[in-house]
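Go ahead and model the full structure; you've got the sequences and the hints to work with.
If you're matching them up, the sequences are chains A and B in order. In case it helps, numbering that gives the first Met the number 0 puts the first sequence at residues 0 to 388. In case it helps, numbering that gives the first Met the number 0 puts the second sequence at residues 0 to 388.
Any given hint might turn out to be false.
You can't tell identical chains apart in this list, so a pair holds if it fits in one copy or across any two.
Only pairs whose alpha carbons sit at most 27 Å apart, straight line, appear in this in silico DSSO-like list of lysine-lysine [stated by the list, open to error]: (1) K10 / K343; (2) K16 / K203; (3) K311 / K284; (4) K203 / K311; (5) K284 / K196; (6) K89 / K311; (7) K290 / K196; (8) K83 / K203; (9) K83 / K311; (10) K83 / K16; (11) K295 / K110; (12) K108 / K311; (13) K10 / K108; (14) K16 / K196.
These aren't lab readings, by the way, just hints derived from the structure by calculation.
Number of protein chains: 2
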Amino acid sequence: MFNPAVFELLKTDSHSKARLGRLTTTRGVIDTPVFMPVGTQASVKALDSRELLEMGTQIILGNTYHLSIRPGMEIMAAAGGLHKFMNWTKPILTDSGGFQVFSLAKIRKIKPHGVEFRSHLDGSLLFLGPKESMNIQRIIGSDIAMVFDECPPHGASAAEMKGAVERTIRWAKECRVQPRAEGQFVFGIVQGANDAKLREHCAKELVAMDFDGYAIGGVSVGEPEPEMMSAVEITEPHLPAHKARYAMGLGTPAQLVELVARGVDMFDCVLPTRVARNGTAFTRKGTISIKGGSYKADFTPIEADCECFACKNFTRAYIRHLLNVNEILGLRLVSVHNSHLFLKVMEDMRTHLAAGTFHEFRQDFIAHYRPTEKVLLARQLHAAEKQDR
Amino acid sequence: MFNPAVFELLKTDSHSKARLGRLTTTRGVIDTPVFMPVGTQASVKALDSRELLEMGTQIILGNTYHLSIRPGMEIMAAAGGLHKFMNWTKPILTDSGGFQVFSLAKIRKIKPHGVEFRSHLDGSLLFLGPKESMNIQRIIGSDIAMVFDECPPHGASAAEMKGAVERTIRWAKECRVQPRAEGQFVFGIVQGANDAKLREHCAKELVAMDFDGYAIGGVSVGEPEPEMMSAVEITEPHLPAHKARYAMGLGTPAQLVELVARGVDMFDCVLPTRVARNGTAFTRKGTISIKGGSYKADFTPIEADCECFACKNFTRAYIRHLLNVNEILGLRLVSVHNSHLFLKVMEDMRTHLAAGTFHEFRQDFIAHYRPTEKVLLARQLHAAEKQDR
Numbered sequence: 000m001f002n003p004a005v006f007e008l009l010k011t012d013s014h015s016k017a018r019l020g021r022l023t024t025t026r027g028v029i030d031t032p033v034f035m036p037v038g039t040q041a042s043v044k045a046l047d048s049r050e051l052l053e054m055g056t057q058i059i060l061g062n063t064y065h066l067s068i069r070p071g072m073e074i075m076a077a078a079g080g081l082h083k084f085m086n087w088t089k090p091i092l093t094d095s096g097g098f099q100v101f102s103l104a105k106i107r108k109i110k111p112h113g114v115e116f117r118s119h120l121d122g123s124l125l126f127l128g129p130k131e132s133m134n135i136q137r138i139i140g141s142d143i144a145m146v147f148d149e150c151p152p153h154g155a156s157a158a159e160m161k162g163a164v165e166r167t168i169r170w171a172k173e174c175r176v177q178p179r180a181e182g183q184f185v186f187g188i189v190q191g192a193n194d195a196k197l198r199e200h201c202a203k204e205l206v207a208m209d210f211d212g213y214a215i216g217g218v219s220v221g222e223p224e225p226e227m228m229s230a231v232e233i234t235e236p237h238l239p240a241h242k243a244r245y246a247m248g249l250g251t252p253a254q255l256v257e258l259v260a261r262g263v264d265m266f267d268c269v270l271p272t273r274v275a276r277n278g279t280a281f282t283r284k285g286t287i288s289i290k291g292g293s294y295k296a297d298f299t300p301i302e303a304d305c306e307c308f309a310c311k312n313f314t315r316a317y318i319r320h321l322l323n324v325n326e327i328l329g330l331r332l333v334s335v336h337n338s339h340l341f342l343k344v345m346e347d348m349r350t351h352l353a354a355g356t357f358h359e360f361r362q363d364f365i366a367h368y369r370p371t372e373k374v375l376l377a378r379q380l381h382a383a384e385k386q387d388r
Numbered sequence: 000m001f002n003p004a005v006f007e008l009l010k011t012d013s014h015s016k017a018r019l020g021r022l023t024t025t026r027g028v029i030d031t032p033v034f035m036p037v038g039t040q041a042s043v044k045a046l047d048s049r050e051l052l053e054m055g056t057q058i059i060l061g062n063t064y065h066l067s068i069r070p071g072m073e074i075m076a077a078a079g080g081l082h083k084f085m086n087w088t089k090p091i092l093t094d095s096g097g098f099q100v101f102s103l104a105k106i107r108k109i110k111p112h113g114v115e116f117r118s119h120l121d122g123s124l125l126f127l128g129p130k131e132s133m134n135i136q137r138i139i140g141s142d143i144a145m146v147f148d149e150c151p152p153h154g155a156s157a158a159e160m161k162g163a164v165e166r167t168i169r170w171a172k173e174c175r176v177q178p179r180a181e182g183q184f185v186f187g188i189v190q191g192a193n194d195a196k197l198r199e200h201c202a203k204e205l206v207a208m209d210f211d212g213y214a215i216g217g218v219s220v221g222e223p224e225p226e227m228m229s230a231v232e233i234t235e236p237h238l239p240a241h242k243a244r245y246a247m248g249l250g251t252p253a254q255l256v257e258l259v260a261r262g263v264d265m266f267d268c269v270l271p272t273r274v275a276r277n278g279t280a281f282t283r284k285g286t287i288s289i290k291g292g293s294y295k296a297d298f299t300p301i302e303a304d305c306e307c308f309a310c311k312n313f314t315r316a317y318i319r320h321l322l323n324v325n326e327i328l329g330l331r332l333v334s335v336h337n338s339h340l341f342l343k344v345m346e347d348m349r350t351h352l353a354a355g356t357f358h359e360f361r362q363d364f365i366a367h368y369r370p371t372e373k374v375l376l377a378r379q380l381h382a383a384e385k386q387d388r
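So, in C-alpha cells, the structure goes:
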C-alpha cells in the first residue's frame, strides 16, 4: 500500500524552509503548498463544485465526525463514497474525527481503544477510535486519511498532554494497519502542544511507522499566534523532508505565508467561508467588514485586480446591500472571494518558489497585510514576555 | 415615448386563446409566453446572474417597495440604476409597490394621491402614490414599469372593490404622464376581483389610456384557483390583442399552462424559489418534498431528463442531505431546478405554439401534473357549487 513516490520535493527556498512540491494521488496531482477548502458536511459552505474548480481548488477536506452522523455510513456506502455522493472528482482529505470528538462532543470518556461520547446533535452514545475512524474513512473513500489522534485543548496540563501524546502514538499504530480504500494514503498527526521534547518524541515515533505524510496537530485550538508558530517550528525539524507536511486548521493569509516559510506544505481552514457569513472579506491588506456603512455607495469590487467571480461581476455596494437584506447571494459572493484569495495566495507562493523569489514575495506580503487587533496584541505580549526573561 | 411595435403577436393557437409573441425592449427581445424570476431585493433568491442566464431567463422582476426601502433610491441613483447595481444586462420589469403597500405595510391610510403607510421594516412613515412610484421606477431604470394600483385582499366588499378600481383608474392616469427612464414601457393594471362589470370597466378605461401592455392584478391574493382562472377569463376579452398581457404573481406550472391557454403572455411568481427553501421541488408531475426520508438513498436526479445544473450534477439523496444539515447549497440547488423547470415549461409552450401542437402539449401536461391537495379541493368545491346552482 505504501508508495514512496507520493510526495516529490521539487525545490526548497534558499532563505527559508519553504518548499515547492507535488503530491500524486490516484485522483490527480496536487501542487504544494496547497490550501484545502473545508467541506465539513459534504459541501464547502455556500459554494458549489463548479465555483471551487474555477477558483483552482485542487483538493477539499471532508469531516469524518460530521459525515458519520449525517448522512451516515449506510448512505455513504450506498452512494459509493464521498466523491460520488457530492460529485467531486478531485482528491479529498478526511480528518479522523479526533478533533471534533474533543471539541464538539459532549461527555466524553477516553478508553484504551478510542473515545466514548455523546453526539452533539441528539445526545446519542457513540464510540470512535482508530479502528472505527479508519473504517469510516475507508467507506468515505478519501484520497488521504488521517490517523485518529487525541487533540487536547489549549492550556491542557503537562500530564494531560503527555497522556494524549502516548495515546496518539498508540492509536496511530492501530490506524497504520487498518484496511484502506484503494489508493488511500494515511498521514500521521504529531501532537505535543508547545513542549519541544514531547513534539520530538511524537514525531519520531510516527516517522518510524512510515506514514505517507505528517500533520502538525494541536494547533488552531485557541492558542495565540506566537505559540502556533512555535509549535510548528519545534515539530518541523523532526519530519522527513521527502514527505508532505500538513498544519491542521490554519490560518489567515499572512499566517499561511509564514507557515510555508516554516516548511509546511498543506493547509485547511474554515476561515474563508466562516467569516464570509458575517460579511467579512479577506484582502491582501487584511480583512474588511463589507457590511460597514462606508461601503454603501462604493461601486468598486471587494478587491481591486481580483479575478474571482464576485470581484469580476459585483461591487462592494451591491454585496453590502445583499448582506444587509439577508440575501444568500451576499454571503456566497464573499465566500467565493475569500476562498479564491486563499487559493490565489498559495498559487502565488508556488510561482515565487519556482522562480526563486519567495523571499521577496513573503516580505512584500507581510508588509502589506494588516492582521487583526487580536493577533497584533498577541504578538506584542509575546515580544514583551521574551524581553522580561 | 409610446412605441406601437413593442409587442408583436406572432401566432394564436387554434384550440385556445394561447398566443406566441415577441416583446422588444431596448435591452433585448423577450419571447412570449415568458416567465419572469422574481428578484425582490435586487437578487433572485439563492441564484446568481450566471445561473439565471444558463437556465434561459429573459427578464427578471424587481420590487419597487423593497428597493425603495433598501438600498434606497440614493444608492440606486448613484449606482446608475438596478441593471448596473446588480450587474444584470437583460430586461427588468418593476412592480409599482401597490401590492406590497396593501399586503406588507402596517397601518395604511389611503389618500387621494397615494397611500400613507408605515414601513414593515422599522415602522417609519412613508408615502407611495402614482408620482412617487413612477419616480422610483424611473430611478431604478426598469424596462417595463407598472402603474401604481390599489390591490384589495381576497374577499374585500363590493364597495371596497369599486373604490379600489376607481382609484386604480385615476392613479393610472397620473402614472401615464409621469417622466420615464429612457425606453421604459409602462403597463396598466386591471383590478376588479371577480366582478365582470368592474373588470370590464377598469380594462376599458385603461385601454383608452393606451398603455404599452396590460396586467391582470388582484390575482394571487389568496383566492382559490377557480376564482383566479375566472378573473383572467372575464378580463382577457377586454384587452387589446396587439398588446402584451401579464398575470401578476402566478402560478404553478400547470396553472401557467392553463393561463397561457386563456391568453396570458407574461408571468412572475415567487413559488420556484420560495418552496425551494422548504425543500420542495417542482416536477412535471407535481411537487415532491426532497427532505422526505424516502429519498435518503435515492441516487437519481430530482427529475429524470432534466437539463438543469442541479439535475445534471447531483442526486436527490445528496440534496436531501444538504437540506437536512442546513447547507445553503441544498436550497440553492432546488431553487435552480425549480426556476429552470418554470422557464423550460414556458419554452416548451413557445415551441408547441410555433409548431401548432399547443393543444396536445396542454392536454398531456395537465394529465401528468398532480396539483396540491389544496388546489384539488378548491376545484371540487367549485364544481359542487356550480352543480348546486
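List in ascending order the numbers of the hints, as given earlier, that are violated by the structure. Hints 4, 5, 7, 8, 10, 11, 12, 13 are the ones this structure does not satisfy, whereas the remaining hints hold.
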